[in-house]
Amino acid sequence: MKRPGLTWQLFLAVLATATLVTIAMGAAAQFNFSRGFIGYLNQQATEQMEAALPRLQRAFVERGHGSWEFVRERPGAWFRLMEPEPEREGATPWEGRLDQIAPHLLGLGRRLALLDAQRQLVIGYPRVFANSQQREIVVEGRTVGWVVLAPVESVTDAAALQFGHEQRHALVVMGGVSVLLAALIAWWVARVLLAPVREVARATHRLAAGHYDTRVSVRSQDEIGQLAQDFNQLAHTLARNEQMRRDAMADISHELRTPLAVLRGEIEAMQDGIHPLTPHSLGVLHAEVETLTQLVNDLHQLALADVGALHYRKEDVALGPLVAQQADAFAARCAERDLRLEVSLPADDVIVHADPARLCQLLHNLLDNAVRYTDPGGTVRVRLTLLEPTQARIEVADSAPGVAPELLARLFERFFRAEASRTRASGGSGLGLAIGRSIVEAHGGTIEATPSPLGGVCIGVNLPRAVGGMTA
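For any residue, its number in this note's numbering is found by taking its place in the sequence shown, counting from 1, and adding 296.
Derived by calculation from the structure, the hints in this document are not laboratory data. Backbone N, C-alpha and C fix where the C-beta goes; we use that ideal spot for every residue, glycine too. Don't take each hint at face value.
[Unchecked claim] Restraint ranges, calculated between C-beta atoms of paired labels, are given here:
no. : residue 1 : residue 2 : range
1   : Glu611    : Leu581    : 38 to 44 Å
2   : Thr746    : His576    : 41 to 47 Å
3   : Thr574    : His649    : 49 to 55 Å
4   : Leu534    : Gly561    : 39 to 45 Å
5   : His501    : Arg553    : 37 to 43 Å
6   : Thr313    : Glu343    : 40 to 46 Å
7   : Leu534    : Gly472    : 47 to 53 Å
8   : Glu564    : Asp509    : 32 to 38 Å
9   : Glu611    : Leu534    : 37 to 43 Å
10  : His596    : Ala557    : 21 to 27 Å
11  : Arg498    : Leu703    : 36 to 42 Å
12  : Pro447    : Val418    : 17 to 23 Å
With these hints in hand, go ahead and build the complete structure from the sequences.
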C-alpha cells in the first residue's frame, strides 16, 4: 500500500492536532460550564434568599405577631414571601428575566426551609446539610428564626437542562467550525511550506539524471532555505567533480599518448631499418618506459589515496635527520644543475607521529619539483622550524621561475602545470604535489603554496608534533 505523501502527512498531523485540541477544549469548557452553572444557580438562590429576609422580618412582626405559626398554618404564605419582588426600575433586561424565571430555574421552593429561634423546622425542606446556606432573621436585635438553603448538587429542572443542552449544542457547532477552519489552514500551510521541498525533490531527480547545472531558488533563511543552499552546493560540487573527472581523463590520455608515440616511432624506425638497434636507441626506449612506469605508479598512488587504501605505519619520528637525509640525496642533482642547496634545521630534534616512509616520499616529491623546475644557477632552500608549540613546519623554497599568485592554489591539482617552464618536458608527471597533499592530510597536517622570497615557489607543510614534541 502506497504511503501518503508528505503534504498529506503534514495536513493530517495538523488536522489531528487541531481536532484533539478542539475536543479537549470543548470537554474542558463543558466541564467548567457544568460546575460554573451549578455555582451560578447557588449564587442566585442565595441572593434570592437574602432578598427575602426583610419581607420575613416584616411578616414576623405584622402578620405573626412574634410567631411563625401563620406560616405553618398557611404554606402558601411561605411561598409568596419567598417570591422575588417585581422588576425594579433601571434593571437590565437580563436581570429582569432572571427574576421572572428564577423560581422555576432555581427550584427554591424545594430547597428552602424556615427554622425558628430554636432551629426547629417550621416549614420547607426538612434536611439541613453542613454546606447549606443559613441566614439569621433578626427582629429588634433578637434572632427569631433562620432561613436555610440546600445547595444544588445537580441540574434536574427542565429549563436548566434545556439551557445546558443549548450550550452544549453551541460548543459542538463552534468546535465543528474550528476543525473545518483548521483543516483549511492546515491544507494551505502544508502546500505552502512543502512547495520548496517539492522543488528540491524535482531538482534532485534532474541531478540524478546527470544535469549538474540544476539549481533551486533560495527563498528564506530557515531550515528549508538551508536545504536549498545545501542542494545548490551539492550540485556545484558534483559539477566540479564531473569536470575534474573529464579533465583527468583528458590529462591521462595526453600524458600516455606522448611516451607511447615516442615508443611507437622508435620501434617502427628500427623495424624499417631507419634507426639501428644500438645502446643509444635502447636507452631512449628505456627512458620512455620509465616515464610510463612513473606515471602509472603515481596514478596508482592517487587512486589508493582517494579510496583511503594507502597504508601508514606511524611512529614517533625525528624530522631533523629525515629532512637532512632527503636533502643529501638531492645534493648530486643540485650540483649537476648548478643549484645551491641550503638546509636549515633547529638545534633540537622535532618529533612527529608519522609514517617515516611516507614522509620521505613527501620530501622527495617536494625536492624533486624544486630541483626540476628551478633555473640553473638558482637556489633550493629547505627549512625545518617550530611554527608553534604544537606544530612543526617544513618549507621547500626555490628561485625563479615563479608562479602567478592566482595559480598557486591550483598547483596541487592533478596534471596542473602553471607555466611552460614547468611542463612534462622537464620530466614530471604533474602528480607529485597531489600525492604530497594526500600524505599531509593523512597525517592531520596542511600544505600550501606561496611566493618564495627567492623568486620561485615556497611549499609549506605544517604537521602536528607528537606528545612531548621536542627532545634535546
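Each hint tested on the structure:
no. : hint                          : verdict
1   : Glu611 <-> Leu581: 38 to 44 Å : 41 Å, holds
2   : Thr746 <-> His576: 41 to 47 Å : 43 Å, holds
3   : Thr574 <-> His649: 49 to 55 Å : 52 Å, holds
4   : Leu534 <-> Gly561: 39 to 45 Å : 41 Å, holds
5   : His501 <-> Arg553: 37 to 43 Å : 38 Å, holds
6   : Thr313 <-> Glu343: 40 to 46 Å : 43 Å, holds
7   : Leu534 <-> Gly472: 47 to 53 Å : 51 Å, holds
8   : Glu564 <-> Asp509: 32 to 38 Å : 45 Å, violated
9   : Glu611 <-> Leu534: 37 to 43 Å : 39 Å, holds
10  : His596 <-> Ala557: 21 to 27 Å : 23 Å, holds
11  : Arg498 <-> Leu703: 36 to 42 Å : 39 Å, holds
12  : Pro447 <-> Val418: 17 to 23 Å : 20 Å, holds
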